[in-house]
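Visitor: Below are the chains, spelled out letter by letter.
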Amino acid sequence: MFSTNRIVIPVLILYALTANAIAEPATPIEAGDQGTQPAVASVMPSTADHRKFKALQKQFKSGPEVTEACLSCHTESAKQVQHTKHWTWESVDPQTGQKRGKRNIINNFCTSVVSNEADCMACHAGYGWKDDSFDFTAEKNVDCLVCHDTTGTYRKLPGFAGHPVYKPLEFPPGSGRRVEAVDLQRVAQTIGMPSRTNCGSCHFFGAGGNGAKHGDLDSSLQHPGKYLDVHMDEKGLNFSCQTCHATSKHQVSGSRYNMAAAPKGGAHMRGTKDTSPASCQSCHGNKPHPAAMTKLNQHTDKIACQTCHIPAVARNEIGTELSWDWSDATKMGPDGKPLLRMDSAGRRAFDSRKGSFVWDSYVIPEYRWFNGIAKYKVIGDKIDPTQTVQINEFGGSANDPESRIWPVKVHRGKQPYDKINLTLTLQHTGGEDDTALWHNYDWQKAITTGMNAGGLPYSGEFGFVSTEHTWPITHMVAPKGDALSCAQCHSKNGRLKDVEGVYIPARDGSKVLDILGWTLALLALMGVFVHGGIRIIAAKRG
Amino acid sequence: MTVERIYVFKRFERFWHWSQAALIITMMLTGFEVHGAYEFFGFGKAVALHTLGAWLLISLWVFAIFWHLTTGEWRQYIPTLEKINAIIRFYLIDIFKGAPHPYRPTALKKHNPLQRLAYIVVLLFISPVLWISGWFYLFYGDWKAWGVDGYLSLEWVAFFHTAGAFMMLAFFIAHVYLTTTGHTPTAHIKTMITGWDEVH
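Those sequence lines, one after another, are chains A and B. With my numbering applied, the first sequence closes on residue 542, and no number is skipped along the way. With my numbering applied, the second sequence closes on residue 1200, and no number is skipped along the way.
Hints may contain errors.
[To be verified] The calculated lysine to aspartate or glutamate pairs, modelled on EDC-like cross-linking and capped at a C-alpha distance of 20 Å, are:
| no. | chain 1 | residue 1 | chain 2 | residue 2 |
| --- | --- | --- | --- | --- |
| 1 | A | Lys-492 | B | Glu-1039 |
| 2 | A | Lys-511 | B | Glu-1155 |
| 3 | B | Lys-1144 | A | Asp-400 |
If you're looking for bench data, these hints aren't it; they were derived computationally from the structure.
Whole structure, please, built from the sequences with the hints as guidance.
Guide: In structure tokens:
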């Protein structure tokens, strides 16, 4: 049964997907929260024992072969997946029609997937997307296992365009570290609902490092305590990702691309399709505090729940990346060889392949008005190199009733750009070929290959421009006792000191009125002292 | 020297006065903290105390208005300019010479004309500014339901509330000082506690 082959070892092996630390052989990891123990040990939680299915009783040679077996019963599942962002890596802005998504944007970390598909697609829910020729309609290319594996042995490494490890190999090449082949039959026969580990195998490790990208998603959420996440607390509510990101027809609700920044009304029944359940309000309503704390409920017209209830980003030793400066890439160590240096907490600080990094834990977020719609820099967009380039710009303002003040992590950095065409460049980074930056340390070749692959003109002249990428913070909600206290915003130099367009008592006030008012009080006091003084002197003289 | 004692302030009046004094001091201490002038209670506690104080003051005022209307005592506050020059002259000049106050309070006319003028300004101007702005401040969350959210901004509501508070502070300073201007420095305070005034 599940319990016999699920060796529970609370090890965070998913360092595997960090480009640097791909290391130890596949270690079975806990299937996370999906396996609530049945009351009677001999009864499976599922109504189907996949080991008994004939279609799965064979030696599979590849992922697509497994998918074909899955589809022989789950006839519609691949079609469903093919309509999701997990498959298309594309998202359309409902207002402007702009196509965003990993496929189209340039982010502030590894920049773009173009020409680097073989690496990046280790996190694509599919098999074989290595270049433009990928067939998005082929159902067997859908990867069922990456989300449904319960063994923790199914791993997709960079360089294989989304395929798992079929033959034992040394990875990274030359590292002397061996990665075992996956037992596809075993994985297929023990599939289950996605656990936090499944989602986390990509979402915790975005940008090539544990916690690097988001700041509110990292491997600590596999076994979080209450302090870190009041909902996912392993000994308490133990929510799975889908508890909030309610999923129907493989569509996972609650995308960062189109966020519900200011959900209104009371709590609502889950599962109705016209709602966006992945918000706090969908369970808590927008008057979540008890009547005795009415004043707090009145804050919900301006303040997102997250602003008070996520007091700091990355509240653990893992931390999150705050800056990636590509302009330091290709610089070699004193011996002329590539250098890799970690910071005191063991996080990447400098890498000759990538540049320099800044990390921190317990990061105080910045705060922005946000209406849920962010505009992204997509491939080919013009930039102004005299300004800091905003990789994404949050919509919303104080006057917009659909906006709330949100906590954000701002990831800063420097990226290469075409000095003549004024676009951010695409660069071929991953791979073992001659033009790959991480192989040959040659910017010119890497950019030329990248721009060619993306069909963009390249002048041959590149420089580096400052960039900012803003991330809404919404996970790792703290217990109520750890929420911000009033004075952390209601003070002159509080958390919201730079947020405009809203009157915050104790932060704001008319300076003129204050001067007039205190002068009036002072005059009254002076009058008292003068009048009283004369009375005392007059009385003494008799 | 004969000392005539008259009963000026009845029990309810004295209760009203002192409880109101305590509440207004509390409101000023907490209110200026909410305004950001200093940190003493902590913002959250200051807001909670300020809100509690507001409701107690409202309750007190409901009783006080009822009492003044039913007893006819509201007439004490009808302004008059009678003898006003003599009284101003007293505070500016004669008080330093040890001269007696030109006004003799009686149970029917407790307040001298200058007091009447000051109190009527407090009652009809400073207090309403505070009450009205404070009411909207307190019920900020209901503006939309009341249909006033298009006409009000917290910034201006807070402005008027703070302006009222500064005026109340100035009144408070002057008022406390003037209690010492009786025939002895504590005479007026004693009267306000016991209700009895000694007329010399």
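Visitor: Are the Cα positions of Lys-492/A and Glu-1039/B separated by 20 Å at most?
Guide: holds (11 Å)
Visitor: Given the hinted pair Lys-511/A and Glu-1155/B, is their alpha-carbon gap at most 20 Å?
Guide: holds (12 Å)
Visitor: Would the pair Lys-1144/B and Asp-400/A pass a check requiring their Cα atoms to be no farther apart than 20 Å?
Guide: Between Lys-1144/B and Asp-400/A the Cα gap is close to 15 Å, so the pair holds against 20 Å.
Violation of the numbered hints given earlier is absent; every hint is satisfied by the structure.
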